[in-house]
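**Q** What follows is the residue order along each chain.
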Amino acid sequence: MPVSPIQAHTLKHRSWVAFLVIPPVVFMSLFVVYPILSAFAYAFYEWRGLARGEFVGLANFKEVLFGPTMAPVVWNAFLHNVYALIALMIIQNGGGFLLAWLLYKEPFGYRFHRLAVFVPVVLSTIIVGFLWKLFLNPNFGLVNQALNSVGLDALAKPWLGDSSTALGALILANAWHFIGFPTLVYLAGMQRIPSEIIEAARLDGTNEWQLLKNIVWPLVAPSTTILFTLLFIGAFNWFEIPYVMAGLDGSPFGSTDVLGLVFYRTAFGNQSASIQNFGQGSALATMIFLFIVVFASALTLWLRRREIQF
Amino acid sequence: MNTKALADDTASQPASFAFLAQVILIMNSFIMLYPVVVMVLSAFKTTGEIFEHPFALPDFTQVQNFTRVLGETAMPTYFLNSIVVTGASVILILVLGTMAGYAVARYESRTNTFILLFFLAGLMLPLKLAVIPLFILLRDLNLLDSRWSLIVTYTAIGLPSAVFIMAGFLRSLPSELEDAARIDGASEPRIMWSVMLPLARPPMAIAAIQNAVPIWNDFFFPLVFIQSDQYKTLPQGLTTFMGEYTTDWGMLFAGLTIAAAPITLLYLALSRQFIQGMTAGAVK
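Line order of the protein sequences matches chains A and B. Residues in the first sequence are numbered consecutively from 1, following the numbering used here. Residues in the second sequence are numbered consecutively from 311, following the numbering used here.
To be clear, the hints were calculated from the coordinates, so they are not data collected in a lab.
Straight line, CA to CA, 16 Å or less: simulated EDC-like cross-link-like pairs of lysine to aspartate or glutamate:
no. : chain 1 : residue 1 : chain 2 : residue 2
1   : A       : Lys105    : A       : Glu199
2   : A       : Lys213    : A       : Glu307
3   : A       : Lys12     : B       : Glu418
4   : A       : Lys105    : A       : Glu208
5   : A       : Lys105    : A       : Glu196
6   : A       : Lys12     : B       : Glu498
Being a predicted model, the structure only gives us computed values, none of them experimental.
Using the sequences plus the hints, can you model the full thing?
**A** Next up, the structure:
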């Protein structure tokens, strides 16, 4: 059958488009969609090491949330994730907002300060964790040595060995690592505010605090939405800093335990001795995932409502 | 209040404010940079010197910590693995991301919306939480404990954002360009390769940096997938190294310095592209 040139053209077109689209879609299906869908399914089975056993319904979820061995650990860790979220919201995102405001005015040394605040952001979390672990060493760490040299010996502590300060130290190390990110995102948000608005407010005699609170903060709401959502997801996925600085067990005495560590211990705890529970691990991962999806979506919607178009 | 007083008021307040701002910014930059500086300085010291004179300048000709890290430990292997894994992942992300992004941006099709939604879902789902099935899948594919396990995982994580960056840019190019080439009789692949893609280098650079930095720095997936020392990447290898030399602080700081050096130097050289790339998802 003779084929008209236009049809041949579209057929050729179509196979070319298919050639472009199919490899990426297949790749995503295999390595993202399939694992994520299986992750939900796995939580409903009993696991013996790497082998899938019986369908057990909600037993794994029940064990994680209410079981005598898992539940206290999970709730303790969850609370620490919440602490970290609140503390980082204030220190990291709030601090970033204030730094961005100082940088926004392009003071002397603007380019240098902008460069400096982002240096820790590019470093690996592992490097940051080890660096601060060495600095916080009770005897030879930089922090206590500095306190001793200015005569504040009384304040020197085994920061990571004391359960009252360990989580705080981890949070501060995290804030040191990432504060540059919200700073520069807020800075970009502030630079998008039409300068007439700020000049008009200044001419009206608005003081610095009112300007910040009533004009700048509402107008950078889109940046706030994305930064708080990212921080929320990050706080409940927190793993590397606690792992490196406090160890897999969240020492001392579980005072730095977080959900990421509990998940890792449950699922991959001791591969060589095959003490691992993929069923409970999957149940925990599924619940963390649903928690993040539900609350992050609600947070995003709520924060979106205060965004103003201009 | 007369106009003069008002003018004085607005002029004097910003002056004291500017001073305070300057003090805070200098303090902040000091806090950001000093730990990194101490890390580098300590790498030139012996452990005894670090303990005795933590704040002193070292003798910069003392490089034995560095030569020992590079000569005695597996650090060069970790380094090479990081380069291979990061390089291969970024190339795969760019190739697959450009293919999908180009198809969606330059051809009308009923499936476009579906494909974009498909990748949007991938953008939102944290693959970290699907690590158990991924682990089993990679075991079944016989990829566990190999560099490929990391390369396919990072490509899967990075692909969605690359598709959106590329599609967003390619859609903004005028269609006159390809129409002219089409009238000249150029084939579709040739139009893509010789006409459109040469224009798409800036978004490719953004997508590359946005993905390369987190891949280079990632620790979680190697921790789960890699057991053999010969395949470990730098962050994971660093934990092995730190465990071996716990009491030799000179070595520890030299190892950290060597691990931090490439990305820090690259950042200082290309800070604009780094900042643009790493905040690309959060800045409109």
